[in-house]
Amino acid sequence: MTRQPWGITRRGLVAVALLGGLAAGAQAQQRYTVSVSLDYTGPFANVMDSWWAGQQTVFDWWNETRGKALGMQLDIKTHDLRYDTSVVARTWPTILSQDKPIVFLGMGTPDLVSLMKRLPADKVPMIMGTAMVGPLWTPDGWHFSYRPTYSQEFAGLFDYLQKRLPEKRALRIGTVSTQGLAGYVDQVNGVVALAKTYPERFAVVSSQWVDNQPVTVTSQIREMAKERPDVVLVGTNTAQVVATVKALKELGLKTPIVTSSHNGLNEAAKAVPIADLEGSYSVFAFAPYNDPSVKVAEIFKKYNKGKGTWGITSAQTAGQALLAVAAIERAAAKVGVGNLSGQAIHDALLAGPFPADAFQGLIPAMALTKAAPFPTENLAVKAMTVKGGQLVAVSAEWMPVPALAKW
Amino acid sequence: MSSALPSGVFFQSHAAERALLRTRPQRLWLAGLLIVLVALPWAANDYLLGVLTLAGVTLVAVLGLQITVGMAGQLNLGQSAFVGVGAFVAAALAAKGFSLWLCIPAAALASGAVSIVFGLPAVRIKGFYLALTTIAAQIMFPIVVIRLPDSWFGGTAGLPVDPPLVFGFAADTPRAIYWLVLVVVCVAFVAALNLGRSRIGRAFRAMHDNDIASSVIGVDLARTKILAFFAGALFAGVSGALYAYYVRYVSTEQFTLWLSVWYVGMLIVGGLHKPLGAVLGVLAITALHEGVHVIGSVALARLSGITNVSGGTVFALTNVVLGGVIVLMLLFEPLGLAHRWALLKAAYRIWPYPRG
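Top to bottom, those sequences are chains G and L. Once you know that position 362 of the first sequence is 362 in the working numbering, the rest is easy, because the numbers rise by one and skip nothing. Once you know that position 256 of the second sequence is 663 in the working numbering, the rest is easy, because the numbers rise by one and skip nothing.
Excised from the complex, chain G in its bound form (with noise of 0.2 Å):
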C-alpha cells in the first residue's frame, strides 16, 4: 500500500482542524479566577478539611453544571494564610499580582483586618463566611458576609424564646464573655443593645467577664445564678462553653447555653456529654446541616473529594461559595459573561436582594447595601438544640430577627 501525500495531508488537516475546534471550544469557556484563604498550618488546621470541602463542592458543582451552561469555568487558587494577620498582608499583593481574582473569600478576622483598608482600592470583593461584629457596620465596604453580626443572630433566638416564655416578662440572659478581645466584647455591647431597645422583651441581669480560656467559671456563673437568668449566653469559644456547662453542672442548674457555629454544641459535644448539653443552642443565620431543606448537602454528597464531612463547619463555608456564585452568575447576566471584574462582583453584590433558591435551601433571602457589610433588614435565623441526646432542628421555619440599630 502507497502513501499518498495528499491523503496524509488531508488527515493531517483533519486532525488540525479537530484540534483547532476543541482550542476553541476550550478558549469559549470563559476562565476566572477565586481565590480563597484557608488555614491548613495555624490554629483552625483541625477543621480545615471540612471548611475547604464545603466550597470545594459548591465549585465543582457550579463549574460542571450552571458554569458550563454559561460558558464559564471558575478556577479556584487556595492559600494557606494561617489565620495570621502579618501572613495574610505579606501574601495579598502576590493574590493580587498572580491569582488576579475576580473574588476573595476570607475566612476569619485576619482576612478581614488585614484587608478592609486594600479591597476598594484593588478593587477586589472579599466574602466571608463568618458572622459579624459591630465595629464592621460601616459604609461602603468590599468585604461582605450572608451572615449578620453575632448579636444580631442571637436576637432572633433570644426573640423565638422570649414568645414562648410562659408569662408575659422579659426573657432573662446572662452573658459570659471576654475583656480585651475586641470581637468578644461586641457580641455583649450588641445584646446590651437589643435589651435596652425593647426592654419589656429582654434583659442583661448578669454580665459575667472570665478568662478567654478558662480552666473554670463556677464562680461567675454561681454570681449570675443569682439574677436567675434563662439563658446564658456564650458566643466566645468552645472553651468558655465547656467551662459554663461544668459550672451549671456542678451548681446544679439546668439554664440552657446559647453558642453561635464556630463554638456550637458540636465542638463542645466533644469535650463534655452531649446529656450536659440538653436543652442548650446554636444559632446561626443559615440552616441546620441536618435540615431536609438543605438541599446543597446533596451537591456536598456528590462532590466531595476529599476527607472533609458534611456539618456546621462545611455548611457555613458553602454559604460563603454559593453567595459568590449567586454574585458571579448576576454580574455575568449585567456585563456579560466576558466581561467580569471585581467590579461587576463587587456592584452585583449591591443590585438588590438575593433569593433564597440561590441558596439551595441553606440561607434565606437576602440584600446587601452600601449601609452594611451584611444583611441589615428581613433577618432570620435557624438554631440547633439537644434533645434526648440528638442535636435536632429547633424551628422548621426560619426564626425572624427583631430590627437593631447599629450600637
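Certain hints may be false.
[What the hints assert, rightly or not] The calculated lysine to aspartate or glutamate pairs, modelled on EDC-like cross-linking and capped at a C-alpha distance of 20 Å, are:
#: 1; chain 1: G; residue 1: 117; chain 2: L; residue 2: 569
#: 2; chain 1: G; residue 1: 387; chain 2: G; residue 2: 397
#: 3; chain 1: G; residue 1: 117; chain 2: L; residue 2: 557
#: 4; chain 1: G; residue 1: 100; chain 2: L; residue 2: 579
#: 5; chain 1: G; residue 1: 406; chain 2: L; residue 2: 557
Honestly, the hints are just simulated from the structure, not real lab data.
Here the structure of chain G is known, so what remains is to put chain L in place on it, guided by the hints.
Frame of chain G, contents of chain L only:
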C-alpha cells in the same frame, strides 16, 4: 566593635578607634550589604519582601527590648503592649491627616511615656517581680484601649490606616513599604549601637552587671531604670507605627502577650548583650518559622492519604520547634548567635593571615 583586631591594624586617633566602622574592609562589607538590601525588591517576590518587611518591623521592637533587657538588665514581658501603644497612636494621628514624619516620633514618645508608668516599679523591685508588672501592662493594654472613647482609638472597632505618604508618594506597594522599613531599621540599629557607647549606655551596663555597685559609683538607679524602659519603648513605638502602616489596620488583638514572649525568645536566640543579637535572633526565628511552615506544608501534601496527620500538627510543631530552639540555645550557646558570629569573625580575621 569589642572584638580584638588582628595584629597590624592600628589607629592613629581616638576618633578612628571609636568609629563604628574602623577599617576599610568593614566599610566595604557594609556597603555591599546595603546595596544588596536596597536592590532586593528587584530580585525577591512580594511574599519574601513581606516576610522581610515584617521581620524589620519586629527587629525594631526587639532592638528596644535589647536595650531594656540586654543592656540595662530590666526584665520586660510587655514589649508587645508598647508596640500596640505606638501602633494606635500612629493610626489615630494618621487618621487625622498627620504625616509619617510626625506619626512615627509621636508613636515613639507615646510608648515611651506609657512605659514610664510601668517602669516606675523597677525602682523598687526587680527580677520576676518586675516581669510581672510588665505583664500587667500587657493585660491592661487591650482593656484600656477598648474602654477609651471610640473617637480616640476606635474602641472595639480598631482603626484603619492609609498608606503613608513619603515625599509625596504613597508607600502602598510591598517594595515601597520595604524600603521605608529598611531605612527605619538602619536608623534604629545605629541608634541602638550608639546608645550602648554613650554615657547612659554605660550606666545601663553598669546597672545590668551590679546595680548596687553601680549606684556606689554614681549611677542614679531610679532615673536609669526608668530611662531603660523609656528607651526600649521608644523603639517599640516606632515598631508599632511601622506595623500600623504595613498592616493598615490596628486592633487590640494584634498585640498579645504571646508576641511579647516571642520578642524575648528572639533576643535569647540572637544574644541578649548586643544589638546584633536582636538582628540575628529576629532573622533566625523568622527563617525557622517560615521554614517549618514550608516543610510542614510540603510534608502534608506528600503524606496526604497516607497518614491522618493534619495541618494542626504543623501548627503545633512550629511552636514545639521554636520552643526547642530556645531551650537548645540556652543550653549550648547562652550568649546567642551574636557570640557565635563574633567567634566566626575572629576566626576569619586570622585565617590564613590577618585581615581587617
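We went through each hint and held it up to the structure:
no.	hint	in the structure
1	117/G - 569/L	8 Å, holds
2	387/G - 397/G	18 Å, holds
3	117/G - 557/L	19 Å, holds
4	100/G - 579/L	18 Å, holds
5	406/G - 557/L	14 Å, holds
Violation of the numbered hints given earlier is absent; every hint is satisfied by the structure.
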